[in-house]
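Residue numbers (this note's numbering), protein chains in the order written: chain A, 1 to 286; chain B, 287 to 572; chain C, 573 to 858; chain D, 859 to 1144; chain E, 1145 to 1430; chain F, 1431 to 1716.
By construction, these hints were calculated from the structure, which means they are not laboratory data. One thing to keep in mind: the hints can contain errors.
[Stated by the list, open to error] Covered stretches of chain E, going by a simulated chain F footprint (3 or more residues, C-beta under 8 Å):
| id | segment |
| --- | --- |
| 1 | 1253-1264 |
| 2 | 1288-1302 |
| 3 | 1403-1411 |
We treat Cβ as the ideally placed atom computed from N, Cα and C, and that holds for glycine.
Protein chains: 6
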Amino acid sequence: MSATPFDKAAVLVEALPYIRRFAGQVVVVKYGGNALAGASEDDALQLFAEDIVLMRQVGMRPVVVHGGGPQISDLMQRLGKVTEFRNGLRVTDSETVDIVRMVLIGQVNPQLVAAINVHGSLAVGVSGEDAGLIRATARDPELGFVGDVESINPTILQALLDDEFVPVVATIGTDELGQAYNINADTVAGAIAEALGAEKLVYLTDIEGLRRVVSDPDSLIRQTTPDELDALMSDGTIAGGMIPKVESCVHAVRNGVRRAHILDGRIPHVLLLEIFTDEGIGTMVR
Amino acid sequence: MSATPFDKAAVLVEALPYIRRFAGQVVVVKYGGNALAGASEDDALQLFAEDIVLMRQVGMRPVVVHGGGPQISDLMQRLGKVTEFRNGLRVTDSETVDIVRMVLIGQVNPQLVAAINVHGSLAVGVSGEDAGLIRATARDPELGFVGDVESINPTILQALLDDEFVPVVATIGTDELGQAYNINADTVAGAIAEALGAEKLVYLTDIEGLRRVVSDPDSLIRQTTPDELDALMSDGTIAGGMIPKVESCVHAVRNGVRRAHILDGRIPHVLLLEIFTDEGIGTMVR
Amino acid sequence: MSATPFDKAAVLVEALPYIRRFAGQVVVVKYGGNALAGASEDDALQLFAEDIVLMRQVGMRPVVVHGGGPQISDLMQRLGKVTEFRNGLRVTDSETVDIVRMVLIGQVNPQLVAAINVHGSLAVGVSGEDAGLIRATARDPELGFVGDVESINPTILQALLDDEFVPVVATIGTDELGQAYNINADTVAGAIAEALGAEKLVYLTDIEGLRRVVSDPDSLIRQTTPDELDALMSDGTIAGGMIPKVESCVHAVRNGVRRAHILDGRIPHVLLLEIFTDEGIGTMVR
Amino acid sequence: MSATPFDKAAVLVEALPYIRRFAGQVVVVKYGGNALAGASEDDALQLFAEDIVLMRQVGMRPVVVHGGGPQISDLMQRLGKVTEFRNGLRVTDSETVDIVRMVLIGQVNPQLVAAINVHGSLAVGVSGEDAGLIRATARDPELGFVGDVESINPTILQALLDDEFVPVVATIGTDELGQAYNINADTVAGAIAEALGAEKLVYLTDIEGLRRVVSDPDSLIRQTTPDELDALMSDGTIAGGMIPKVESCVHAVRNGVRRAHILDGRIPHVLLLEIFTDEGIGTMVR
Amino acid sequence: MSATPFDKAAVLVEALPYIRRFAGQVVVVKYGGNALAGASEDDALQLFAEDIVLMRQVGMRPVVVHGGGPQISDLMQRLGKVTEFRNGLRVTDSETVDIVRMVLIGQVNPQLVAAINVHGSLAVGVSGEDAGLIRATARDPELGFVGDVESINPTILQALLDDEFVPVVATIGTDELGQAYNINADTVAGAIAEALGAEKLVYLTDIEGLRRVVSDPDSLIRQTTPDELDALMSDGTIAGGMIPKVESCVHAVRNGVRRAHILDGRIPHVLLLEIFTDEGIGTMVR
Amino acid sequence: MSATPFDKAAVLVEALPYIRRFAGQVVVVKYGGNALAGASEDDALQLFAEDIVLMRQVGMRPVVVHGGGPQISDLMQRLGKVTEFRNGLRVTDSETVDIVRMVLIGQVNPQLVAAINVHGSLAVGVSGEDAGLIRATARDPELGFVGDVESINPTILQALLDDEFVPVVATIGTDELGQAYNINADTVAGAIAEALGAEKLVYLTDIEGLRRVVSDPDSLIRQTTPDELDALMSDGTIAGGMIPKVESCVHAVRNGVRRAHILDGRIPHVLLLEIFTDEGIGTMVR
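Using the sequences plus the hints, can you model the full thing?
In structure tokens, the structure reads:
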């Protein structure tokens, strides 16, 4: 690399106040399947793992939350399972929720765990079924096992964090009978950040950040507030897949999470840059 | 049920010395896919879960270890994946190990966790990849990702047990590069029992117990020793799928585990009967 | 015994939810001298000790409180000590309180402690004089050293419970000068249950339970409330020696103790049956 | 009192090095029934209690051990119980051991506890039956329930000391069946001092100290060793009731107790003088 | 010394209730440079050190605070540094505050620490700069680096007390830029006593105590209140160098410190006499 | 600065393995008065403070040790104190040791503490007199109060490190009478590193590192061993003021300190570069 020793020292010194500010703080990071198009997927995962390990190592308490939409679709297709729609919404029947569970808990989650654990015995995979972490309720009987978060029991996460592990959460929930539900990972990330009293909630996405005018790259929002985001959702500026992320940011910041961020996961080491440098990255809500 | 109040009190009093003896002790239970033919599978799982919860509740520290052979074969078939054999042994290529991982971590493990957690937020699913639990090495390059246990790092299990959780372990291991391996679950159960200094190692099987003469039901072995088991394996009396179980029992008892048991998982609540009553069940090694 | 293995398992499973519900909870048991006529006294004591040990072993925190009326009368007689009465009430002079103290602390208490400790080093005898446990005031100067409970300092009980011992309490109290007083053991049991925030307060008596109509065995009260008991004491249905027990139940339930029970101590293992089975036994106040 | 302020300060300063040296140390004090003839019994008990409380308050961990010979004889007589002798030794039948137990646990022990607790909730009475403290074996079947110390389980004493209580021990032991035995209190004091790794073992007696020549007051032994004491017992200089005390001193000092003392309990506050001042008092063994 | 054994015991017993009352309590002692004229300075320091060690040893938590006016003047003079006055007040320029710092932290503080540590590894010197203990603000820009206490951060003192050390505090404060300030030691002592929730605040002075009539030795105030002291300051009875002491006593007692004392440091062991005996010494505010 | 975001991330990632390796490790840094000629003194001190704070913040446990030769000479001169020599060695009389103490504890130490504490309440000044940290013996009676390290009692340092403070040590020692001695700071740094079982011992000097040929800049020693250093001292290659440093490095590495470093303190942030980057700096001994 081209940095001189002087540059190196300067970067470390620049990081110092951030390291101090975030020592011991919980940071919930939602890792998105689509988030990392700027590099090959494997490389992206490795860079992401390095960021998480560095956060842990300097004393932060990162929690990773992930979904796995593309991988689910892929296995559905391989198994010849056709998605049924009712009133335009996907129906998650019993077989589908089993597939979702297999992919999230048995495929995506161990990939993340393994990538982090190349650096040490740090990461522990957790599903929402473990120790009653995510209690779910059916959103609509017609949709089958699509669930909403009813409550978060963060005991297992607290225990793992206290033992200095990095929890990696697959977003399956259960109802009181032990039935599994598929739950939106963006929503779970926000709910967990609230339940843990997190300092930060970070969404890694495949966009540069939120914009005030969708078509205008210069309208990138650096800092915003829950109120402005409410307005942007009301007038349709923010729409589609960003809604659960933005709603979760708004809800989390209004319920004790200090800051929420929407970052461009395609930038290598974007987490490090956001957290440990003076660079302005993505959109921050506070 | 037909027990009188006097009977009930007698059963509880009979259990007392066992409850005292096993308080705080680790018991590793290998739950086998074939073990529970005496009842419908769901019922068997529920009965098993009740046993584990009761063990936990009276102060024991149960650890569940499971494989999932039949479920793996089932998914392989559904995905049209044909198993390749080399020199008569199944080859586990990269795609196969991914399927094994999905089934063990994403299907069988959460079923066990969910069944236990109907009784409270007790069980936590753990894979051998979590926090470096199972370090594996390739058995034979020709066989692909079939691994042997190189070492067990029980830190995550100890942490969960100290926090009063019930770990449920899926037997995937990793090498130092993070590559996943499929590992025999019977062997893992024994290795974990040793690493935890367990009081007991229990295999739930679909046989009544070991026999001295294979064809003679009256030759059921109630108690035996590692030396006798060595002899029975040498002369071929014990063979086939029982070998990894019996070898693990022998190794474990020689390395600090007090007692190993081969029980008939088809008997309802066989764990409770073995542990908390004076009934003689299955085969005990010490 | 006649229970089948299936019965045995069923009894243990029936106990499971109760074991879970009462884990870590304090249960104060008043052991009455007259309570156990259904068996020879020694046998009764052994059965009682087994019940207490089993409660302890599954994680409950039992506290035993006892009096010793018959044994006191016996020693009084042997020493040729004639009880003086004033206005129809027994006078407890200095010599009498010394006799009471000898019997309760030096005879009855060690018998209970020894019976429990056959099962392990669990029980520790405690008198109300130890570490200021029971602070007493004279009820009436004319009656001498008959005391009422002024306050309970549960420090020594908490310490012993935290160290996993079973306290066995002899109901002698002291005033601030160190003078000993004889105190009604039923009343002390209730006061200790309140001071410890007990889950349960249990009186072992020689009656089947309370009745709504004294002469009618069919009028046994299964469940009742403090208000109903107030009424039954007002109209004289409840009278005599039951008054301190019932008053203590009422007071305790109104001051944070979840449930109070009046059980028939003549039934073998009545404590186990009440606590760990679905059987309905005696009278419960809540 | 006649001490000037300057004197007072000097006494406190004189005490300083002793307070420092003994902070946190266990001191086992055998309180003898005959020890305090120089004052009325009540006064003697009060002075003794003050000494124990002061020791506790400056950070020492005193343990009081007592017998109660005269009080036992007194109750025997009042109950018209005649002592049987066999080969010249007193036979302790079942009724006698019950009387011994009543007196030690129910009369002498609470008197000591009450005297100390006038100064705060400090003392807790303990019998050798509590939590298996003193395990006894019969000395000779012909003598009935006269026991020797088989082993000491100091768990309950450690627990009480850790909770900053002052244990007061009545010297009743039990065998594995829960049968009570009467045991020599001097011997118990030594055994407890060893089991606790005490800094000091102190016997309060009614003599000035040991003498090298029985008839010569000038031959008082200030300091001595186990070897010299062995010799003095061999040649008969030390005899009678002093034998158990001296044997215990010798055994204790040879097994890890730093110093043993035989003090004249008739001197007011003799414990304080021995421990906190430069005065030479009684006989010290090291 | 002339005290008899009986006297000695009496002094120790007299101390007992005080030892009990003050166990675990924080006592802040302001040690004044002029306080000890009744003895040679070295002797005075040794007596003071003995008092502090004894307080620590019996379980109190003493904190020593000191200034060093005479020693500062002496070094100023040796360095030929002339004090500048503005409007009659001494100006503390940068060079002067460096000299103050050297004397307080580098000369007076280690003398106190060394005197105490002759008795063990107890004392630890602390300056107001350590761990941000004393945050200061400039009193008046014209006066230079003369500071007032802005806030006390007692973390380092709590940590040292919890580790059973005796903190000895030099009264230098710093502002947020790390600039050192000279601060009145009497005021600091009061502020630290408040911040620690001290039981006592003690000023060792060279007067017998406060007087109601300055010229009348018989008007010595034994006990007083903040209100009376306010009045005595208003009418000029209390004036000069006593003002910071008396103001601090008044403020401290009004803010949670139980008692403040103005003692005559010329009396040998005056701290011991005040704290551990019934003697009436100096002036007490409550 | 000129580093790009990509550079910044690369520097942080480069630091990651070092952060992990040194987490929780003690690093003793000897800060030399002459070490920082490459910048104005104040700037150098600020850079040094930033390095120490960053080390602390990422989980290392730095301990700073300092001397103060130039500052001592300066005050000696200002006070007109002439150094006496005997046999060519400087005599440290009583007055001189008082001056040394004032300078080290009262001038240099608070400057270092203040510089670090600009970043938070982290640093705590400690002298070797505090809590008996440095026990000294006279090197030679003729030389007065020049001491050698007799022993290190690291209790106070351990306590401060456990409470997450940064100890800054002034190298004054005391003998058992409390007499202060001046001790070579290089030697103290090594002795403290050994006593704490430090991972690293670092000397900040004003040379680039050790050379194999004094006159040849190209002979800079990157890595060396105790044996080679012994040889280089024997043949005179290493001489003068480097001797105590090199001897301490040799002794420390032979007694459990993993690595010792001689670094060029004139390089800005040389500590960060050595510890957190792959740059090769100065001379390392292992």
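Against the structure, the hints:
Given as covered by chain F, the segment 1253-1264 of chain E passes the check, having 8 residues with a CB less than 8 Å from a CB of that chain where 3 are the minimum. Interface restraint, the segment 1288-1302 of chain E with chain F: holds (3 residues with C-beta to C-beta distance below 8 Å; minimum three). Coverage of a stretch by a chain is defined here by at least three residues with a beta carbon nearer than 8 Å to that chain's beta carbons; for the segment 1403-1411 of chain E and chain F the count is 0, and the condition is violated.
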